[in-house]
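Novice: Given next are the chains, with one letter for each unit.
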Amino acid sequence: MTKTGLAKTGMIDFRGVNKWFGSLNVLKDITLSVEPREVVVVCGPSGSGKSTLIRCVNGLEAIKNGDLVVDGQRLGDPATNMTQLRTEIGFVFQSFNLYPHKTALENVTLAPIHVRKIPRAEAEKAGRELLAKVGLADKVNAYPAQLSGGQQQRVAIARCLGMRPKIMLFDEPTSALDPEMISEVLDVMVAVAEEGMTMMVVTHEMGFARKVAQRVVFMDAGAIVESGTPDEFFSHPKTDRSRAFLSKILRH
Amino acid sequence: MIWQQLQSLAGSYPLALRGLGMTVLLSLISLVLGTLLGFALGILRTGGNRLISGLIGAWVDLIRGTPFLVQIFLIFFILPEFGIELDAFTAGIIALTNLAACFICEIVVAGIRSVPTGQVEAALASGLSRWQRMRQVVLPQAMRIVLPPLVGQYVLLIKDSSVVSAIGLTDLTRVGWLVVQRVPNGLLVFFLVGAGYFIVCYPLIMLARRLEQRMGAAHGEVQL
Numbered sequence: 008m009t010k011t012g013l014a015k016t017g018m019i020d021f022r023g024v025n026k027w028f029g030s031l032n033v034l035k036d037i038t039l040s041v042e043p044r045e046v047v048v049v050c051g052p053s054g055s056g057k058s059t060l061i062r063c064v065n066g067l068e069a070i071k072n073g074d075l076v077v078d079g080q081r082l083g084d085p086a087t088n089m090t091q092l093r094t095e096i097g098f099v100f101q102s103f104n105l106y107p108h109k110t111a112l113e114n115v116t117l118a119p120i121h122v123r124k125i126p127r128a129e130a131e132k133a134g135r136e137l138l139a140k141v142g143l144a145d146k147v148n149a150y151p152a153q154l155s156g157g158q159q160q161r162v163a164i165a166r167c168l169g170m171r172p173k174i175m176l177f178d179e180p181t182s183a184l185d186p187e188m189i190s191e192v193l194d195v196m197v198a199v200a201e202e203g204m205t206m207m208v209v210t211h212e213m214g215f216a217r218k219v220a221q222r223v224v225f226m227d228a229g230a231i232v233e234s235g236t237p238d239e240f241f242s243h244p245k246t247d248r249s250r251a252f253l254s255k256i257l258r259h
Numbered sequence: 116m117i118w119q120q121l122q123s124l125a126g127s128y129p130l131a132l133r134g135l136g137m138t139v140l141l142s143l144i145s146l147v148l149g150t151l152l153g154f155a156l157g158i159l160r161t162g163g164n165r166l167i168s169g170l171i172g173a174w175v176d177l178i179r180g181t182p183f184l185v186q187i188f189l190i191f192f193i194l195p196e197f198g199i200e201l202d203a204f205t206a207g208i209i210a211l212t213n214l215a216a217c218f219i220c221e222i223v224v225a226g227i228r229s230v231p232t233g234q235v236e237a238a239l240a241s242g243l244s245r246w247q248r249m250r251q252v253v254l255p256q257a258m259r260i261v262l263p264p265l266v267g268q269y270v271l272l273i274k275d276s277s278v279v280s281a282i283g284l285t286d287l288t289r290v291g292w293l294v295v296q297r298v299p300n301g302l303l304v305f306f307l308v309g310a311g312y313f314i315v316c317y318p319l320i321m322l323a324r325r326l327e328q329r330m331g332a333a334h335g336e337v338q339l
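Which chain is which? The protein sequence lines are W and R, in order.
Residue 24 in our numbering sits at position 17 of the first sequence, and the numbers go up by one each step.
Residue 266 in our numbering sits at position 151 of the second sequence, and the numbers go up by one each step.
Careful: at least some of the hints might be erroneous.
[Claimed, not checked] Examples of chain R residues toward chain W, derived with CB under 10 Å:
hint, residue
1, Ala125
2, Pro195
3, Ala240
[As the list claims (entries may be wrong)] Pulled a few chain W residues facing chain R out of the computed Cβ check, cut under 8 Å:
hint, residue
4, Ser102
5, Pro107
6, Ala118
[Claimed, not checked] Calculated Cβ distances over 12 Å to all of chain R for the following chain W residues:
hint, residue
7, Thr16
8, Thr90
9, Glu95
10, Glu113
11, Lys132
12, Ser155
13, Gly156
14, Glu191
15, Glu202
16, Asp247
17, Leu257
No lab work stands behind these hints, which were simulated from the structure alone.
Treat the numbers as computed from the prediction; the structure is a model and nothing was measured.
The C-beta atom is built at its ideal place from N, Cα and C for all residues, glycine as well.
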């Protein structure tokens with residue numbers, strides 16, 4: 008199966024997108040197209056706008072001008088049902104944001120039951136399977152406070168998968184984790200990518216990028232500075248800024 | 116002499132019970148209605164609509180910034196001027212419900228605002244509607260913050276209900292005024308009236324304290 012050619016327009020299409028926080032231009036003329044089944048890693052120094060970029064895709068942030076088309080629907084268009092579109096987009100947060108008053112299983116089944124209107128028994132069966140898939144079959148009835156960071160993030164990924172989304176967005180999913188828990192989360196993300204999910208991943212995990220990403224996008228000061236295959240980007244960075252960035256994150 | 120007074124007081128027993136019943140009934144009805152209305156106002160106040168939020172805020176400030184006695188007089192004596200006749204009981208219920216709703220609105224707003232934005236974003240990202248986000252994610256977490264001050268507020272409102280005696284409702288306080296005309300021992304009579312309120316309020320005070328302790332424990336705070 009070819010990665011490209013499945014659709015003429017991308018699954019996620021930024022065309023000349025700008026965004027400001029007050030007078031600060033946090034996204035500068037972003038043009039980027041993510042194909043179906045493509046995995047794009049977004050990296051860059053802190054404050055470069057990479058989180059803002061993916062938060063725009065499911066409308067957690069609104070864009071100021073330009074076009075952003077996701078799954079064929081233009082964001083900000085009155086005809087676009089944002090709530091509906093969000094059910095097709097999973098979002099994994101840096102700080103997990105699991106619902107603390109609900110068990111792991113309830114976290115996974117909440118949206119399928121209330122948004123997708125799937126019968127509870129069926130949703131719980133699917134939820135258990137998903138939790139087993141992320142290696143947490145024994146934590147079905149645990150509350151988030153009883154789970155480690157790595158386990159919480161895996162529940163959060165299962166929560167997204169429970170909606171059977173077309174796109175998954177990851178906002179620094181391993182940045183809040185202790186080092187020994189990073190790989191268990193990355194392994195789950197690799198498995199999701201290998202099943203053909205369209206993914207945008209903000210991360211500095213270069214091992215993950217090399218393994219599954221088709222493309223690495225490097226951002227600085229709100230603009231896309233460089234974009235290429237992981238090999239091109241890591242071995243032959245083209246700009247001074249990307250070289251400086253890579254020397255910092257690869258030093259250790 | 117004190118023996119005679121006590122005998123006479125014992126004769127007022129049915130009246131005192133009626134007064135206590137009226138106080139409990141007034142409080143119960145207006146606290147239930149006030150809680151429902153207060154939650155509705157609190158949810159609307161934190162909703163997206165600036166106009167609605169502003170109007171509720173202004174009304175809450177107005178009610179919180181004026182004496183309850185004045186509010187009752189306005190409802191009971193002024194409204195009939197505009198052709199709205201209310202019996203004292205209905206007027207009392209309306210005034211107390213309104214007061215309860217305004218205080219509870221503020222408590223609910225504080226609770227809703229205490230829920231981290233990440234929770235709302237997670238619910239938003241999974242496609243939950245506005246009401247589903249409120250019902251499934253925000254309110255259950257806000258309740259932990261809301262519950263202790265809510266019960267504390269109930270105690271204050273039960274005591275505030277004594278003000279309705281001013282428009283002639285025979286509640287516990289008014290029974291005190293009636294009895295003291297026959298038994299001229301204000302200290303004794305109003306000591307008993309106070310005791311009546313205390314019997315109603317004390318269980319709630321205990322409940323509020325237990326809820327606060329439970330919440331502190333849940334947050335892993337150090338017990339002093």
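Novice: Which numbered hints turn out to be false for this structure?
Specialist: 1, 2, 8, 9 and 10
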